[in-house]
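First to last, the sequence lines map onto chains G and X. Note that the first sequence covers residues 0 to 144 in numbering that gives the first Met the number 0. Note that the second sequence covers residues 0 to 109 in numbering that gives the first Met the number 0.
To be clear, the hints were calculated from the coordinates, so they are not data collected in a lab. Owing to the predicted nature of the structure, the values given are computational and were not obtained by experimental measurement. Do not take every clue at face value.
Footprint (simulated), chain X over chain G, 3 or more residues, beta carbon under 8 angstroms [claimed, not checked]:
id	stretch
1	96-105
2	116-125
In the DSS-like style, the derived pairs of lysine-lysine whose C-alpha atoms are separated by at most 27 angstroms in a straight line are [as the list claims (entries may be wrong)]:
id	chain 1	residue 1	chain 2	residue 2
3	G	K32	X	K69
4	G	K114	X	K67
5	X	K1	X	K69
Beyond 12 angstroms from chain X on every Cβ pair, some chain G residues (computed) [what the hints assert, rightly or not]:
id	residue
6	P31
7	L49
8	Y131
9	N136
Cβ coordinates follow ideal geometry from the N, Cα and C atoms, glycine included.
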Amino acid sequence: MNTADKETVKAGKKAPAALSKKTGNQRHYTPPKLKLLVSVVEREKADLYLALIQGFEVNMQLSMAAHGTASTETLRYLGLSDSNKAVIFSIIREDRAEAALRYLENKFQTIKNGKGIAFTVPVSSVIGVAIYQFLSNQSKKETSI
Amino acid sequence: MKEYSHEVIFCIVNAGFSEAAMDAAKKQGARGGTVIGARGTASSEAEKLFNITIEPNKEIVMIIAPSKIKDDILHALYREVGLNTPGQGIAFSLPVDNVVGLSQDLPPAQ
Chain G
0 MNTADKETVK AGKKAPAALS KKTGNQRHYT PPKLKLLVSV VEREKADLYL
50 ALIQGFEVNM QLSMAAHGTA STETLRYLGL SDSNKAVIFS IIREDRAEAA
100 LRYLENKFQT IKNGKGIAFT VPVSSVIGVA IYQFLSNQSK KETSI
Chain X
0 MKEYSHEVIF CIVNAGFSEA AMDAAKKQGA RGGTVIGARG TASSEAEKLF
50 NITIEPNKEI VMIIAPSKIK DDILHALYRE VGLNTPGQGI AFSLPVDNVV
100 GLSQDLPPAQ
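So here's chain X without its partners, still in its complex pose (with noise of 0.2 angstroms):
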């Protein structure tokens, strides 16, 4: 199977809690990330059954990080802004093939 060098990780948090998201994505080595409004469409149903509100106004974060902490980041994003947290966010990676633009010389974010 290929291997690709980098990772991009989705995070789709409530909205307000996309510095958490990337606060908790930097603390792992992650350098920057793109956020993107956007609204959830959860069934009203399914939140009349489970008794629970779900804020419809979303955050995107859009991380582009190295393949090899791309676990670190998704454990962090979950840690820190999971489901079981007020920001109840949802996180999951695909592969890049290719990426240009990237700032390699840049040391690490602090």
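Bound conformation, chain G alone (with noise of 0.2 angstroms):
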């Protein structure tokens, strides 16, 4: 087992079995949150970080070219010198979100030419029930409890 999937199951076993509420007789099921995970890397490792994003149940991804703006000087300080990036939004899972985003830092850290920058930012809507499985890697039976 490598560390993704350690970090995987790890996440799984801390996150919210589900978020149901016990209200009287009745059981309120209140389906998981997603969130869009952006990922801002250097471009000849696009394809190496969408494989490592997939890990955290991540079933839609879309990768695009960019370049980055920091200044030079910037640049040498942090020992950057390719401004050619890649920007990647996935869906993700709320529950899995938090996990996803502490393997990437240790990933910006420790891979050579590694270094990037990650954000989540809250999905307010999705609209269709079978869009929302394939985006929440949740199948039929998980969202009807």
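Build the complex: two chains, separate frames, hints provided.
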């Protein structure tokens, strides 16, 4: 089992079983929310990061070419030389987002030429049950408890 | 309501104006940004009706900034590359609830 798998299992255990509350005799189920995880990485490392993020139950990712605008002085300070970047948009379930960010933070520091930034933005709405199930990587059974 | 420490600012400008947008943002304390090439999809009917031409080639400038300087940056973008300028830019910001990889120890950009 590699580190990514370990992290995944660990995060899975930590996550709340399901955001279900018992009120009286009725059991309410709130489906987990989604977040948009945006990562800006060196372009040559885009495929690597896409694969790493996929390990966090991410089913849809979008990668696009971009370039950085940091001043050359700042770039030198950080030890970066290439301004060619890739921006990766990933839709991730809320309970996996924290683990994914911590994992990416670690990778940004340890992978050679793998520096980057990542952040999450809350997604307020999604239309379509099948789309939601696909994006959240949850089967019909899990979402209709 | 939850307080967010950082915001991500998206500024969509005509191609070639990303540097002007970055310069305006840097003057307000932004450190760096990422430029993504894009293509606008304004309706040709509206173009005819208002007798304007919309350059389809766009650039999206994405800037992560501390929430406290977000308004300053948005105002600067509006002034320097807003819809009333050749940059024809629009800018908006989204709250970022968690961010990793920012270089906290760097001095602010001059």
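Hints violated by the structure (listed by number, smallest first)
none
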